[in-house]
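Order-wise, the sequence lines are chains R and E. Using numbering that gives the first Met the number 0, the first residue of the first sequence is number 0, and each one after it goes up by one. Using numbering that gives the first Met the number 0, the first residue of the second sequence is number 0, and each one after it goes up by one.
Keep in mind that the hints were calculated from the coordinates and are not lab data. Predicted model only: the values in this text are computed from it and were never measured. Mixed in with the good hints, there may be bad ones.
Covered stretches of chain E (chain R as the covering partner; in silico rule of three or more C-beta atoms under 8 Å from a C-beta of chain R) [unchecked claim]:
1) 18-26
2) 78-91
3) 310-323
4) 371-384
5) 396-403
Note that the Cβ used here is the ideal one computed from N, Cα and C, for glycine as well.
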Amino acid sequence: MSQTEDPSNRGIRIRLIILGGIILGVFLGFTLYLFNLQVVENLIWEGRAEAVSRRSEPLLAQRGMIWDRNADNPLAINLDSYAIRIIPAEIPPSNPDEVSRRLASVLGMDASEIRVKIPGNWHNSWKPVEVADGVPYKTVVSIAESVERYPGVEWTGKPYRWYNNVGSISHVLGYVGNITVEELQILYNRGYANTASLGKSGIEKAFDGILRGKDGVLYRTVDVKGRHQGDDVEIIPPENGLDVVLTIDRHIQELAEKALGPRKGALVVLKPSTGEILAMVSYPSFDPNRFNQPGTGNFNTLSLNPDFPFLNRAVQSSYAPASTFKIIMSAALLGEQAVDPEMTVDCRGVMTLGNRQFWCWKHSGHGPVNLKKALEQSCNIYFGTVGVEYLGIDAISKYAKSFGLGSLTGIELDGEVEGIVPTKSWKEELYHTPWTPGDTLNSCIGQGFLAVTPIQMANAVAAIVNGGIIYKPRLLKEVRRPGMNVVVEKTEPEVLRVIDLLEPEDYDFIREAMRGVITEGTGEWAVYTKSVEVAGKTGTGEIGFDDRWHDWFVAFGPYKTDNPDEQVVVVTMIEASDSYDWWAPKATDIVFEGIFGHKTYEEVIEEWRRRRVWWSWDDKDLPKPGEPYIPEPDEVDE
Amino acid sequence: MKRNDSPTTFLRLDIVLILCVLGLIALGIAFIYSSGMTSEGIQVSEEWIRQIIWSAGGLGLMTAFAFIDYGRWKNWSIAIYLGTLALLVLVLVIGKYIRGAKAWLGFGRIGIQPSEFAKLSLILLLAWWFDERGRGQDTLQIWLVAAGITALPILLILIQPDLGTAFVFIPILMAMAFAAGIDWRILLFPIAVGTLVVVGVLGYAWSEYIAVTPAGFFLLFTEKSLVRISIPSLFGLCLLAGGGWLLFKKKIYLALLYIFGTASVSYIGIAGATRLLKGYQMMRLVIFLDPQIDPRGAGWHIIQSVTAVGSGGVLGKGFLQGTQSHYRYLPEQSTDFIFSILAEETGFLGSLIVFGLFSIIIFRSLYIAYTAQDRFGTYIAVGIAAMIGFHVIQNIGMAIGVMPITGIPLFFLSYGGSSLWMALMSVGILLSIHYRRYRNR
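Build out the structure end to end from the sequences listed, making use of the hints.
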């Protein structure tokens, strides 16, 4: 039995030792590795094990409400509503489509809409899938009553944003929507979850950080398939969003909306002494409450509407200012002391510049006009002559820019456009052609390259009213804590720009001339309000048609006051449309009468009818009172 | 000594080996029970009961195999081998797809995996081959036949496809050939080729999927025009070296031939692997290199398993207290990842016990190989030791993240009848070899 003496046995012994050594060597290596993993690095892995088995669910914070400046009736609220969810794994495998079909019929949806949301591996997917939100309590009750017919269906409270006031105010308020993947990428570090709703436009977007509050978190332990495990629930309560009080007065907003009527355009009511916006109307508008319903009000349908109902024409669209620009021209002439205001130009209805004939709007001519009369009568020949001969484009654009044209006003709404104030270098860079005197002439009467937004014009008029100070236009009056109405934050007027090119008398002069527009000028036959002394300026923009024009009216009132706080600026801009009815001054007139006569739109029209202020009260000529653009109503199942 | 000497029969069995195996089986049942437990303490799986039944049957088989003279397998080894080959073919025809591989033969509710039993039948045939023909013959020829014997089941299992199981046959062959005295230079060749191919394919996976800029070096294996140049030139070098040997009979040429041959075969292996490996197989290699590349998808298993093991600590979270396992973060906890749940709940101490028991089993196997009364017994014991050793290394290595994921079980611990029965039959044969170690001496 002495195997070691056998040489082949000796070889085998060595080989077995080597084999055993290799295997045990690896075992030893693994043991050391395990020692490192389980003993040395234990804390790291323990932490990871904790992290991975805890899953968090957001507890939605109540979005703050939006109020108008009276703060008595909210503009945007949250409705108690429900989201319907399906746990795919609980769908009976025998008849998977049955649940979607039943759910679709009770929710008024299409069954395929539900089915596409259920993942392909629904057999073992325990993660709830949201198939509908904004579901009213009644519907949930009817599902709950026969819950056995809806296996796998559950519901959770999910507040639904509801807008009490829709139409033109919707441009200001904006709307909320579910966060998109792209938005989440950007906002990820600011605490937005992938289930978050966020403001997509308007106030909802601008003050999303204030309104949204802070979602709470509900932690619970779940398994790899998302099933809840155990009862150790930990809750970080949500912080509800703060309420936002706007500078908008919803009565003035309604008045302005109706005054503008069904005309594409914008109307802005601004308090020049503070920059507060009392009303901002843009037509056409939309109704965010109907975005998810089929029909003309559906979001996708509206997006494709050629009238761009989502465009807030007060800030997001720029137009040639036309004759309203003569206010800036007057300021330039006075500020540069280019001409004596009493110097007259003889308007014969036409002037020649180079080989081009240039007509006054009044082809018979105004005769000799000085500055004041030229502004009152909106004489093109006067401003064309003095502009080209005494000012030049450099001075004109300097004054236009100093009044804030061509630059953002900084209003809280996004998508604001700058407009254009042309200069020589601007044209050369863009068109590669030199500036011509004809271009200057066009600029003198607010045509050509000039483009301004209604809010910029409102600022320019405010500068005239304030004697050179423009306050930043704003929509936020204050931020309040909901429930207790504690004011958390109050916005104060902020000076946007100070125009130091003119003397106080110059502003007096322009104000007087603008008053003259109403009393003896172009506005004489359009403004009838007796409640307030209005001063303003008309504008009729050439857009290449013979029978339709962009129609501007910029005004302020009262013309003279000891209390600047009561003054308002109203700017109305109506896009050229088929039925030109020179409506901008009339709309402005209605707004002034409504505000200072404390009347509703209907009451103003009633009085106008009684006073027979307009040329004719034939039904044909009578402007239709405006209805806010509300898409065709659809029957909503209750 | 006489056989059937009843008072000593019991003592002549390898008690230590049996105790280790029983210990592992008991641990296995305990943690299969644990794996079926939800966090609410509800047992949702009957696997532990079935494993007890499987164990009882398996222990019966082990006893039977222990008392069957292992020498009898010698005459049956070819028939058993051919039988398992037939089963491997059959499984390709009528087998059931489970987890993407056609590896199971179903009989009613019970399924068996022929590839498991193919391991044991290969060990028997190789032992017979090395014992019968192993003496006084040219070792290269013996080696080539042995390699051919091993290649057939590997190919059939690769078709299933079950890369992990197929790979187990290679270390079995290498260990038995080594024990049988095959020249180390012959064995070094496949080891060198294998190492080069593995390193090359891993490098390729790293370059393609993880590295920021792929290494241009790997174009050598993937770019067709380059492959067309490389293969003939490598073969040319081999021919030159071979010619030199024939002409000048100088050893330097043989050495060169060896090196060039290794390079050529490795090259073909890497180039072939980059083309043939399926997307998910490539992904397993990639996530082995860097699990974080796809933490929710393919890397999930590795990350969860390592997290479970690492969070176990020194003494573990306690039986039935593992969070990773009871919250079902661990995949396939009762089979492939049984070690993870064990390590989570019993900690480093439990891991040490498992390694200790396996080490003793390996030691005993090799000791039995050494004391076996004939070479056939020696080779069988070596093959079994290699098989068990490699399974442990691969399975636990996977659970702790140092080996790529392959679905091979941890013997005695993992749930599953086929692997348990095969392992217990192997132990039975070991016991038989041990029992008869003094016979005819």
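Evaluated hints:
1. 18-26: This one is violated; 0 residues, fewer than the three required, reach chain R with a Cβ under 8 Å.
2. 78-91: violated (count 0)
3. 310-323: That given contact holds, which follows from 6 residues of the region 310-323 of chain E lying within Cβ reach (below 8 Å) of chain R.
4. 371-384: holds (count 3)
5. 396-403: holds (count 3)
Going down the numbered hints, you'll see the structure goes against 1 and 2, while the others check out.
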